[in-house]
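Q: Listed below, chain by chain, are the residues.
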Amino acid sequence: MTPQQQANAAVADPVCTLSDAVNQAIDIAMEEDSEVFCLGEDIEDPIGGVMKGTKGLSTKYGRDRVRNTPISEQAIVGAAIGASLVGMRPIAEVMLMDFFAVAMDQVANHAAKLRYMSGGRTNVPITIRTSVGGGRQFGAQHSQSLEGWMMQTPGLKVVMPSTPRDAKGLLYTCIFDDDPCIHMEALTLLFTRGPVPAGRYAIPLGVADVKRSGDDVTLVTWGWQVPEALAAAEQLESEGISTEVIDLRTLVPLDIDAVLQSAERTKRVLIVHAATQFAGPGAEIAAVVSHELFGELEKPVERMGSVYSPIPYAAELETLHYPERLRIAEAVRRLA
Amino acid sequence: MTPQQQANAAVADPVCTLSDAVNQAIDIAMEEDSEVFCLGEDIEDPIGGVMKGTKGLSTKYGRDRVRNTPISEQAIVGAAIGASLVGMRPIAEVMLMDFFAVAMDQVANHAAKLRYMSGGRTNVPITIRTSVGGGRQFGAQHSQSLEGWMMQTPGLKVVMPSTPRDAKGLLYTCIFDDDPCIHMEALTLLFTRGPVPAGRYAIPLGVADVKRSGDDVTLVTWGWQVPEALAAAEQLESEGISTEVIDLRTLVPLDIDAVLQSAERTKRVLIVHAATQFAGPGAEIAAVVSHELFGELEKPVERMGSVYSPIPYAAELETLHYPERLRIAEAVRRLA
Amino acid sequence: MTALTNDAALRIFRTMTTIRTTENRIIRGLNSGELTMTFYTVRGQEAIPAAIGEHLRREDYMVTTYRGMHDCIAKGVPLEELLAEMCGKSTGTSKGKGGPMHVSDPHSGLMVTTGVVGGGLPIAVGLALSSALRGDGRVTVVNFGDGATSIGATHEAVNLAALWQVPVVFVCQNNRYGEHTKFADYTRSASLAERFATYGLSARAVDGNSIEAMSEAAEAAITQARSGGGPTFLECMTYRLGGHSFGSTTEYMDPDELARAEAEEPVARNRRWLVAERGIGEDVLNQMEAEVEAQVESALTFAKNSDPPPPEELHTDVFSTMAASPR
Amino acid sequence: MTALTNDAALRIFRTMTTIRTTENRIIRGLNSGELTMTFYTVRGQEAIPAAIGEHLRREDYMVTTYRGMHDCIAKGVPLEELLAEMCGKSTGTSKGKGGPMHVSDPHSGLMVTTGVVGGGLPIAVGLALSSALRGDGRVTVVNFGDGATSIGATHEAVNLAALWQVPVVFVCQNNRYGEHTKFADYTRSASLAERFATYGLSARAVDGNSIEAMSEAAEAAITQARSGGGPTFLECMTYRLGGHSFGSTTEYMDPDELARAEAEEPVARNRRWLVAERGIGEDVLNQMEAEVEAQVESALTFAKNSDPPPPEELHTDVFSTMAASPR
Ligand SMILES: Cc1ncc(C[n+]2csc(CCOP(=O)(O)OP(=O)(O)O)c2C)c(N)n1
Ligand SMILES: Cc1ncc(C[n+]2csc(CCOP(=O)(O)OP(=O)(O)O)c2C)c(N)n1
Ligand SMILES: [Mg+2]
Ligand SMILES: [Mg+2]
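Chains as they are written, first to last, in my numbering: chain A, 1 to 336; chain B, 1 to 336; chain C, 1 to 327; chain D, 1 to 327.
So here's chain A without its partners, still in its complex pose:
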């Protein structure tokens, strides 16, 4: 769907949470293709996943196709890889993205590389769903946004929706994509509601979405920073600053063209993300924009990622750790 179509559809679409939207995408995919199955910790009913992504699905499709695992992330991801090598379409759940650290060998050394290492004789059509903490006082080991590790690992597709609608369409695409996809679901967004078209639809990977049009400054972001950016833009509008908010939606493939087109117009770019700013995803975007629009920008490209530190627990510090609407607005003002 184009943004316009989406906007039109939104009026009529039923409203649900991002978690429900995820659930719908899985449900539709499982209904459509008996080779789709889910595995992960506590994903069976009655829990249906600690974030409810698979709620009801083990009851509907049976415990063969929605199966609990031991606490064994290496085995979870590895088993998904194995089944996918012969054409199945496993959806693995890693409860929180921080626990990718336990499974990085399967993710980076196997899932990402097996197509290349086999000269294309095999491929790994898995989807790994994972919750991304942050903003909930979960502390240093349950709040990390690790898309940067994934981006630096050639062979992985990296997806992070910011709305229920995007989540459903992107996850559906991931499930039937022939490459390993990491689907990051932000905890702060999982239970926010939004319009979601009924039935089956797919949103292509690698296509950014302009969540708000504007002329003065281009604000590039994704995931749970999108609502923060939109809130900042809203505030700035009243001050006469027009901000374009681009939601990248997928980090790999990266829709840099969308960013460049907007930046050519506004000549001012701010990149905002929850991942660590230093050596983070924004650095790539800033480097490319600075390179491609050399001599054409009014101001240097600005970045606002999270502070260079582990994530603090106390709410008073955590608020300062991640970008948030007030500081985002200030940064835009400095640019405009």
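A short, non-exhaustive set of chain C residues, derived as facing chain D with CB atoms under 7 Å:
{"#": "1", "residue": "Leu163"}
{"#": "2", "residue": "Thr187"}
{"#": "3", "residue": "Arg188"}
{"#": "4", "residue": "Ser189"}
Hints are computed from structural coordinates only; laboratory data are not their basis.
No residue lacks a Cβ here, since even glycine has one placed at the ideal position from N, Cα and C.
Dock chains B, C and D with the ligands against chain A, hints included.
A: Quick look at chains B, C and D with the ligands alone, frame taken from chain A:
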């Protein structure tokens, strides 16, 4: 030592391999402080480490202080962390950097965070030594340069020497540093020889070294790309292009001031590294240089990292995968 | 092995009472909205660390998990600092920067609390290794759940500890669940003690809800470790008397089994035992309980009245000497 | 269980001969400078995959490691393509992009070769799971070394396979060494079969150098898996008759033990057995050996004469449809 002192010293210094230099640093540290010990796979004599980093040391200091482990990277790094929490100074060896993927939980969720998570009550003065493949036809799982993962993990210091002299001084500093240090030892450099001062000396972390002075282009690099860059610079000199080669030596702390100072002069910057270019370490450097020297550069900052793909085995492809002297020289020519 | 004296049994029971009272008080605060934090119940598991604590020295090391409030209390982390940390206050063990899942207090030997399942075991082996190398006679105890036995780190650590014969005690608090999954639904192993015995270390199952049994097992394991006899794996049989964390459901738990476990819950059960088998007077227990109640209340007041960490704290403790920025 | 026929024994021995001949030819090429590659000896371990291969079907799956040339040959990876891959040629199984450590050939069921110790086991459980879900009756065999039992992934995978009862056979090729470290120097476990039995799956140790014993054990495990009887852990006792990889030393190996193992090396030993116990004529064996010799030479010639991959191949096979660049 300043570069000048180093240059002076070089005349008289005995020559040895980078692996020998590593060995000397460990030997001196163990001699000096009984709380320094080593653990890792096959590090005891008669092997003394598959790259000989600990050769002779189990014989000299006993198998208590230079101890073999099972093939258990999580346990190796974890055990090092534990002993370091109470003030010991463990040197853990992870045979190849690719295997960090197996131990990332201990590295990123524990070593990097325990100081912060404990509000400074504990710290993790470990050194993890690891070999970095590349350029040796070791294939996709034995050739990765993963400093980018480390840089994106707040709390880790990241070191990659390019000469025997630097290796000895930097590793010595790592061992006695109060934070977790990753010491990356490039396979292609391990058995190249260079002058190494006898006895004890330390090179501070976070201080780049100008390996060759020049006026036209600033070439920023580290690790096994340094000799490639120097070879390119040598060739370019004969063509009348003067290249300054900055060896960062440590990625965290990052001596961005050294880069900026040189770039202010040359107004042309090329960053070269063996890690993947996309979202790689060079992106951070490019983003900062573009930001800080906005409007002052003659040309956009250029990056040359490895190709976005797993690492191919065939020599014919591997040569094209990583930057090398000829393509580096071409890139400098385009900039100059 | 020394027989368990009444004094020792009472000390253990007092620790259990402190743990239970603290938990009850926190739950009350969470229910009323007075407090907000992630809280992992330790109800039903009090006897395990209480008995272990009795046989540890202050300088011994302990490692635990998110579900570790009982372990922290038993190891002697000051209640004020513990509660302040759980509330995210600057007076907490980590100045409020760690939170309930990351309590560290080297002063009392509580070295690490980790939120990653299995993450603590390799670290504990390293702590024990330091004691072996230094010959300092300390013992390391590492606590973890039954579910943690499925993860790789656990196996690597146990194998390494057995190989090196370092003074560590692996305390598996088998509360029969990993989050929402029952033991039999994540492994076909009949017994964890049996499984881990095959690594070549002492391993046994013990009634983790009995002061007497736990104390005996803990003393044996700790004494063995301290005297150079090598590590032990203790499978401490217990039961998680509530949902995984505060606010989570229990619908997946067998209600009959839960009711039976509740009827045999360790605080009441061991209180009955102290009275019936050890001849401890009700008055003694009542007075102790009142003292504990007051202590807990005062500690919580301290925590509540403390300030949150100041903004500067965001950037400190990343590295030893540098500012937080890596450049 | 069917008795091992002479025909079957001869087929197994022919596979062993192919493996040995290929290795000898490679070593000759490496020594003379005719070839360059990283090479992990399989000398001494030939009987294990040869016997297993006899009981597998083409459509069954196999996973192996860097030390997996014997497994690849036994599973039926065409020798030409295998050698071409090891030489980095475009005619190789991976067009020369994988190399000796990353041979994949789904046509013959050789699904993954990994260079990460333990990395293959979880993947094998997933392959077996696909068969359980699809009911396709296939069996997955995963090969790994004794040293790999120390790493976390191995334990996670075995536990999961036992829990799910998927049709997988874990083939631990216990050649007594992990790189330069002896079995007893990395674990106190007395027996790996014993250790892994505690996960609730069939587990046994077998003489991996005997065609007869290996064939019996392989058939039992594969039949059990195929008929829904669940996974098996086979500890195949063997001996690595050389250094870890081509060019590495053996100074840390006990020379007497090595000499004894060499005297009982499986190709000569099983050849003697075929002649003495099975009445196979020397002429039959000699002719077979000559045939194999010719085959190997011709496959190597094919590999040597093939072209390296063209530069475009650098960028293909990263993703399904996109160019290599992520943007
Ligand atoms: C590596 C990892 N995977 C998953 C989780 C999420 N998680 C938190 S607690 C828990 C259950 C642990 O069960 P058990 O080890 O029995 O400990 P208990 O909670 O019962 O004390 C899980 C799966 C985690 N913290 N770490
Ligand atoms: C995770 C990991 N750690 C270390 C290595 C380096 N390494 C390669 S082979 C090997 C020894 C493996 O021993 P074993 O499992 O017995 O297999 P074998 O080589 O004897 O067949 C080691 C340590 C590796 N490849 N992967
Ligand atoms: Mg439990
Ligand atoms: Mg071996």
